[in-house]
Amino acid sequence: YQRRVHGDFMFKVLACKRALSLALLPKFSRTFSSGPAPLKMDFSEKVNTKEIVLKNPSKLKKMNICQSITNALDIALASNPNTYVYGEDVKFGGVFRCTVGLNEKYGTDRVFNTPLSEQGIIGFSVGLVAAGGVAIPEIQFGDYIFPAFDQFVNEVAKYRYRTNGLFNTGGICCRVAYGAVGHGGHYHSQTPEAHFMHTAGLTMVIPRNPIQAKGLLLASIRSPDPVIFFEPKILYRMSEDLVPEEDYEIPLRKAEVIKEGKDVTLLGYGASVRQLQMASKMAEEKGISCEIIDLRTILPYDFETIEKSVNKTGRLLITHEAPVTSGAGAEIAAKVQEKCFLHMKAPVKRVCGYDTPFPFVYEPFYLPNRVKIFDGIQELMAEQLTTSSQIPFKYCLLYTSPSPRDLSTSRMPSSA
Amino acid sequence: LKQVVAKHAVRSLSSITVPLPDISVYRFEKNLFPQKAETNREEMLKYFKAMTFQRRIEIACDEIYKMKQARGFCHLMDGQEAVAVGIEAGITLQDYIITAYRCHGFMLGRGGTPEKILGEMMGKLNGVSKGKGGSMHMTSQKNRFFGGNGIVGAQIPIGTGLAYGIKYEEKKEVCVTLYGDGAANQGQLFEAANMAMLWKLPVIYVCENNGFAMGTSVARASANTNLYARLDLIPGARINGQHIYAVREAIKFAKEWCLSGKGPVCLELLTYRYHGHSMSDSGLTYRTREDIQKVRKERDPIMTVSYTHLTLPTKAQVQISVVAEPLKKK
Numbered sequence: 001y002q003r004r005v006h007g008d009f010m011f012k013v014l015a016c017k018r019a020l021s022l023a024l025l026p027k028f029s030r031t032f033s034s035g036p037a038p039l040k041m042d043f044s045e046k047v048n049t050k051e052i053v054l055k056n057p058s059k060l061k062k063m064n065i066c067q068s069i070t071n072a073l074d075i076a077l078a079s080n081p082n083t084y085v086y087g088e089d090v091k092f093g094g095v096f097r098c099t100v101g102l103n104e105k106y107g108t109d110r111v112f113n114t115p116l117s118e119q120g121i122i123g124f125s126v127g128l129v130a131a132g133g134v135a136i137p138e139i140q141f142g143d144y145i146f147p148a149f150d151q152f153v154n155e156v157a158k159y160r161y162r163t164n165g166l167f168n169t170g171g172i173c174c175r176v177a178y179g180a181v182g183h184g185g186h187y188h189s190q191t192p193e194a195h196f197m198h199t200a201g202l203t204m205v206i207p208r209n210p211i212q213a214k215g216l217l218l219a220s221i222r223s224p225d226p227v228i229f230f231e232p233k234i235l236y237r238m239s240e241d242l243v244p245e246e247d248y249e250i251p252l253r254k255a256e257v258i259k260e261g262k263d264v265t266l267l268g269y270g271a272s273v274r275q276l277q278m279a280s281k282m283a284e285e286k287g288i289s290c291e292i293i294d295l296r297t298i299l300p301y302d303f304e305t306i307e308k309s310v311n312k313t314g315r316l317l318i319t320h321e322a323p324v325t326s327g328a329g330a331e332i333a334a335k336v337q338e339k340c341f342l343h344m345k346a347p348v349k350r351v352c353g354y355d356t357p358f359p360f361v362y363e364p365f366y367l368p369n370r371v372k373i374f375d376g377i378q379e380l381m382a383e384q385l386t387t388s389s390q391i392p393f394k395y396c397l398l399y400t401s402p403s404p405r406d407l408s409t410s411r412m413p414s415s416a
Numbered sequence: 001l002k003q004v005v006a007k008h009a010v011r012s013l014s015s016i017t018v019p020l021p022d023i024s025v026y027r028f029e030k031n032l033f034p035q036k037a038e039t040n041r042e043e044m045l046k047y048f049k050a051m052t053f054q055r056r057i058e059i060a061c062d063e064i065y066k067m068k069q070a071r072g073f074c075h076l077m078d079g080q081e082a083v084a085v086g087i088e089a090g091i092t093l094q095d096y097i098i099t100a101y102r103c104h105g106f107m108l109g110r111g112g113t114p115e116k117i118l119g120e121m122m123g124k125l126n127g128v129s130k131g132k133g134g135s136m137h138m139t140s141q142k143n144r145f146f147g148g149n150g151i152v153g154a155q156i157p158i159g160t161g162l163a164y165g166i167k168y169e170e171k172k173e174v175c176v177t178l179y180g181d182g183a184a185n186q187g188q189l190f191e192a193a194n195m196a197m198l199w200k201l202p203v204i205y206v207c208e209n210n211g212f213a214m215g216t217s218v219a220r221a222s223a224n225t226n227l228y229a230r231l232d233l234i235p236g237a238r239i240n241g242q243h244i245y246a247v248r249e250a251i252k253f254a255k256e257w258c259l260s261g262k263g264p265v266c267l268e269l270l271t272y273r274y275h276g277h278s279m280s281d282s283g284l285t286y287r288t289r290e291d292i293q294k295v296r297k298e299r300d301p302i303m304t305v306s307y308t309h310l311t312l313p314t315k316a317q318v319q320i321s322v323v324a325e326p327l328k329k330k
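Chains as they are written, first to last, in the numbering used here: chain A, 1 to 416; chain B, 1 to 330.
In isolation and in its complexed conformation, chain A is listed as follows (with noise of 0.2 Å):
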């Protein structure tokens, strides 16, 4: 009682303190540091029915990542008996609230808590599907990864290679809740997709909205490959969406493109497809025509999809949470400028995190946001956009004299 009293006092005497400190410092001073504001934007999307073929197409229910989430497992347990979902914290719905209602509609047989122990939980995973299960192991976070890594590069990824396909880790479907969230810090933001794109033998999924989450998570359940599916935590409450309640999967191993244009392309995954549309809706403004694909599958990524565009544009940034040096956009630039050299206008612009720890404080600069990548888009469209109306004076002389900075990572933006 002392302390709810005490608390509460204490609360008005700092309430009003921080008030009277806000009133009178200048208007412009903050407490913290942000990024730069989303734009206002409709990034709910309809279902793509070339690729989802829906047998009762208006049975729809709005529902977020999370819920999605819920629904697929739902429809996975359900459809397969020799299904088992399990993890840190899974058995009262998870920390996430992914699997609220599964241990009570399928026993504790199914659906139950482990150890705090990633390297068990990956390994033992390997063995009950080994034996003809189907496991869903749940990874809490993303940087809690690194115990099982072990378990996923040496035997999940080469099961099958090493038997000669005697036996096989297909029926692992690992989830991971990954990305930056705004206040994650060092070890609950990390996305660590590139340490394994480096395994033949993975395969790893992001989806980006509740649509694409819940068929992209079936396949990946009923996949006969071994799939780590990450999912952005930060979006499992802002994206929502008008989901179909029935069982539907949408093709692995296949990038879809979101908006065709002819400019120049811009690829991501996950969560940094949002701040590629709302780049895009910038660049419009200047007439600049954005084409925009959500590569899905990681590994092994559609190339076919990316060079298509590539060819026609002519120029492509690639966008993603992870530091530049070695992760997903370096692969795939680099591919990109052995298959597509002679279509390229610009060089490959990687607008991605720096190469340091994921910050603590300073989350909103390291982050690559929508002006970071509007300003990649502007140095992509350098040379074409020749006067100083349509972009910044500084981009005008970049491809006619050699500049001594180093063009390869992002600038902060001139104005926030």
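I should point out that these hints are in silico values taken from the structure, not numbers from a laboratory.
Some hints here could point you the wrong way.
Said to hold, decoys possible - Ranges between beta-carbon positions, derived for each pair: (1) B:G211 / A:E285: 52 to 62 Å; (2) B:E169 / A:F124: 34 to 44 Å; (3) B:G111 / A:E104: 42 to 52 Å; (4) B:S24 / A:S34: 48 to 58 Å; (5) B:G111 / A:K61: 50 to 60 Å; (6) A:K286 / B:E115: 41 to 51 Å; (7) B:D281 / A:E245: 27 to 37 Å; (8) B:G187 / A:S44: 41 to 51 Å; (9) A:E104 / B:G211: 19 to 29 Å; (10) B:A223 / A:K105: 22 to 32 Å; (11) A:D42 / B:K68: 26 to 36 Å; (12) A:E245 / B:K68: 29 to 39 Å; (13) A:F341 / B:L125: 41 to 51 Å.
Glycine included, C-beta positions come from ideal geometry on N, C-alpha and C.
Given the coordinates of chain A, work out where chain B should sit on it, guided by the hints.
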């Protein structure tokens, strides 16, 4: 006046004997452990002050987090003050401490001030790690405090390595490596413990068992709930972690054991946290408010020290309130 001063001096230096609660042992003789602790009123007041200070800081952290002045993750250890203060009382500043993310109390014992701790949480330059580490990563090089580690169990092999360095330099120091009941199931613990016993390293493994690994109780996560008995050949003991003298004497005993070259020790401290696992956890989905209130009434670490005071004359009680008020204001 001289007589009053003399009487006061005698009373404050006069030794008080505190009987210690019962313990469970593994691969130890129980009679090796001390059954009572010698202390005096000055010491009691010192511990009371330190623990109350930690409690107030944790409440202040709670408030600034709720006002969004601090962001990131915030893991509070109010209820577990006896662990931090007791360990600090049993060792010196030359010994090393490394712990997991519930580290504010340890930072306070190793040179942290409220400005530095709250500043670090808010990401300010005057913080312990200049605002780059946040609540979980507070360290002190001068006072040999190695943090503050975010990944569960990652600090255990690091602490074992520190102990190897101490042994190599032939110093009379120990490394206290703390971990929680959740980390007791991590493979890293067993790997490091094996190395420590193999090479007889001066490391004290302290398991802060507060009953819950986030929301999972010990019984639901561990097959063997005797966490002090899980490190195979390393001898262990289960101590009441809410009784500061029990903690202090156990650490002192463990330090002597390590320094005599007999190898590592494992101590399980039974303690409790009033807050949830972190600020995003209410702490009420896996336990009831009545459970928490019960612990506050019966097993609160600050009350252990105050109750002992209650048997002393009332002047001591007045002194307690005189000491506590300025701490609250600060």
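Structure-based check of each hint:
1. B:G211 / A:E285: 52 to 62 Å: 58 Å, holds
2. B:E169 / A:F124: 34 to 44 Å: The hinted range 34 to 44 Å holds for B:E169 and A:F124, with Cβ atoms some 41 Å apart.
3. B:G111 / A:E104: 42 to 52 Å: 50 Å, holds
4. B:S24 / A:S34: 48 to 58 Å: 52 Å, holds
5. B:G111 / A:K61: 50 to 60 Å: 56 Å, holds
6. A:K286 / B:E115: 41 to 51 Å: This hint holds: roughly 48 Å between Cβ atoms.
7. B:D281 / A:E245: 27 to 37 Å: 32 Å, holds
8. B:G187 / A:S44: 41 to 51 Å: Between B:G187 and A:S44, where Cβ atoms are some 44 Å apart, the hint holds.
9. A:E104 / B:G211: 19 to 29 Å: 25 Å, holds
10. B:A223 / A:K105: 22 to 32 Å: 27 Å, holds
11. A:D42 / B:K68: 26 to 36 Å: The hint (26 to 36 Å, Cβ to Cβ) holds, given that A:D42 and B:K68 are roughly 28 Å apart.
12. A:E245 / B:K68: 29 to 39 Å: 37 Å, holds
13. A:F341 / B:L125: 41 to 51 Å: Check passed, 47 Å falls within 41 to 51 Å.
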